[in-house]
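Enquirer: Here the protein sequences line up with chains A and B, keeping their order. Residue numbers are given in my numbering: position 47 of the first sequence equals residue 47, and the series is strictly consecutive. Residue numbers are given in my numbering: position 244 of the second sequence equals residue 244, and the series is strictly consecutive.
By construction, these hints were calculated from the structure, which means they are not laboratory data. Using N, Cα and C, we set each Cβ at its ideal position, and we do this for glycine too.
Listed next, the in silico DSS-like pairs over lysine-lysine satisfying Cα-Cα at most 25 Å (straight line):
hint	chain 1	residue 1	chain 2	residue 2
1	B	140	A	102
2	B	328	A	117
3	A	31	A	83
4	B	140	A	104
5	B	198	A	117
6	B	134	B	73
7	B	173	A	104
8	A	117	B	134
9	B	328	A	107
10	B	140	A	117
11	B	118	B	134
12	B	227	B	335
13	B	173	A	107
14	B	140	A	107
15	B	173	B	226
16	A	117	B	173
From chain A, some residues computed to sit far from chain B (all C-beta separations above 10 Å):
hint	residue
17	24
18	28
19	60
20	66
21	72
22	95
23	98
24	99
The calculated label-pair distances, taken between Cβ atoms and stated as ranges, are:
hint	chain 1	residue 1	chain 2	residue 2	range
25	A	101	B	271	28 to 36 Å
26	B	75	A	62	43 to 51 Å
27	A	107	B	209	34 to 42 Å
28	A	101	B	62	31 to 39 Å
29	A	71	B	115	50 to 58 Å
30	B	292	A	86	23 to 31 Å
31	A	101	B	209	26 to 34 Å
32	A	62	B	337	53 to 61 Å
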Amino acid sequence: MKRLLLLASFAAATLIPTMSQTPAGDAANGKKLFLRDGCYQCHGYAGQGGAAGARIAAIGLNAQGLIRYVRAPGGAMPAFTDKVITDQELTDVWAYLQTMPKAKAPKDIPLLNALEKK
Amino acid sequence: MIQLAETLQAPVLDRHFRMNFPTAHPLYGAGNVGSADVVLGLEVPDMWFVTHSQTPINRMGMQAKRITKTDAKVITIFAGDLFGKSNYQDFGRYDEVDLAIAADAQATLPLLIEECRKLITSDRKAALQQRGAKLAEVSKRNRERDIEQAAWGWDASPVSTARMAAELWNQIKTEDWSLVSDLTFVSNWPGRLWDFDKPYHFIGGHGAYGVGYGAPAAVGAALANKKHGRISVNIQCDGDLNYAPGVLWTAAHHRIPMLNVMHNNRAYHQELMYVEDMAARARRGVERAWIGTAITDPNIDYATMAKAYGMFSEGPIDNPNDLGPAIKRAIEVVKKGEPAMIDVVTQPR
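Bound-form chain B, shown alone (with noise of 0.2 Å):
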């Protein structure tokens, strides 16, 4: 992905079904469908949701824009072209597009490259790099604005994602890390402050904002990454906990180190915004949105229960302040290959 980047100096949408490419690299989102001439799908199941926006216009209806550019062309290469059947086993909706290809994409690549190399003049080769040091501006300022936005919130309690993301980054830099949970639901916080540049680095997503996958995946890949001694690094929604929380005893049993960071919003709080958003278009019961979403009276503590599962713990933490200390702490546990929990009090998002 980096060579191909690099080769045509076009900027790189991850969307984060694994970990596709380096977060620190210039040309790393730091363009967009609107604006592009080519767009290329490089297995990417959903390319509708690419190409189009939706925005939603009542309490159940969704208006879809296509946002490329009208002569833009649309090509994708994807493994999943190859296993249709009928459609009524396939799932998502088509995209139209101008060229696809049937292929496994990382298996193409070489090809590409060496494609895209031999059609580049010199002429085009400094046009190409004229682009590419706009778009590492275009780069560079995106970083900078998520580090300002991202100390909005600092010092609040309960504890903003942000803050979560960069006191973690702060005691995993230096190690041999990996993420073993999604970014949907902190705001993306670890892609935009930490630097992900090994593909394990991160596992990728859940895929339709499936909940309850997130915990056995995340014991599952720390169980991969307990041979390589890495540090895995799961950040623990609430609401998915509770599909499956036995698999704490799963982990604590087969002494699989990981450390485990609690974003305990103490809501199901997908459905939590979703409700409310349909109360608001449907103009009542917005004060009640909570009934059946908000995981409170009592409220959960995730650390009696890791220590009930045999699992090192610490929490709650609503003092930001605290969480620091309390990450240093459970590593040195992760370190000396058991599991570990930290219960931190969150903002929703």
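Excised from the complex, chain A in its bound form (with noise of 0.2 Å):
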């Protein structure tokens, strides 16, 4: 039971100030951030993804998600250390990748309806 207790008392611990630490983010820095530090150029400027990285645009990652995806990614991506943009930085990204508009459904685009019925 006390080994329980100091889990749970651990738990609130950290979560407290982890709610208290993520600030909303600041799309419009965001956008500057995404350009500056790179994001653009694997994932794209619309974050459609391509050949290099996949789409970010539209994702269900809430902003501790992506942090903890950027600082310990999987695949080709390096990781990207709090040295080099910080918590509140990648929240701002967060912030701007939510800005990015959703994809029509090709259905609703005439060349890609064309490729789609062929």
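Starting from the two chains in their separate frames, assemble the complex, guided by the hints.
Expert: In structure tokens:
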């Protein structure tokens, strides 16, 4: 029982500051960082992805999820440490990603609709 | 290749060294090396890169991992094995294969197909047909996924490479066309959206990310296509063109009909991504990766450059809605026997 309580206590102790240290991101600053730190290079200016990087527009990841991934990514992407980009800056980038439009359905794009029907 | 693949109902992965297999075929791209019991490499110069994955692990190192099943058999038929000399004159990594046949794959195929057909019993044939049906489903899903992905960034400026490929395909699909450039730097979008089904539809890749090869190779291929009346399409990387821009004059001087569409991402972009990668791993300087790699300040006006060499041109085009009409106008020029260029400001990849 004692051990269980200690764990619960630790969880509470870490959860509270995490919440308080995650203010809303600044999308305008996020856009600057997206360009400055080269996110667009692999993921595209529209976050659409391509051969060099995955789509990052309109993905179901919260700011903490994005930070966790950027610190320890999978595949060929290098880790970007907090020395390169801070948690707050990544939160701003996340806020910018939220402003990126979702794709239209291919059936609503005549050229792609024609390819789909082929 | 079609006969062999259909005989075995085996998926085909094209390494794009040349035009090998129709992209709309249900066995195209429907399999992966990791799940195969037998991997047959036909004229694959770097088989090691087929049987291994590589993951960067630090600033300069790569972790290599064999991705074939432990009991998979790897067989190669490769004419290059006939030309080996000393160790110092051979290139690439040697792969550990179960059977390396030093022979010309194209010349070997008829015999191989015949032998395979002899060995296939009626029971086996039924099993192969079932496998083929599953692979056709995979191929269909791949196609749907590609089209869905192409929709992302459709209206973006700079123009997405998927949009550029789709706009081009819309204009050339009813023509006798030939792509005289590589697919690597445009996320393989033509390979994913166009129907390649003739040997001359694709001239093959540059090999080893070579820069500077693209423009001269495209002009040469377009010259070869001229007597056949084909529309040669060159998706021209901006960095590549700056190595030998004089080939624009060559195309204009010799009246070589070809449609040049600039993939103008305003950078030596492969290098830019590499420097960015290294900077991130070194934990410093990611914001300076553009130095020596970006081609901006000033932006190069490729349409004016083409005009200077005597070529019809339009651009720079950064509104994707302007692209289709511009391509149409340029194709009219090409059909008259002249080269033309459309400068498109594009997404990086």
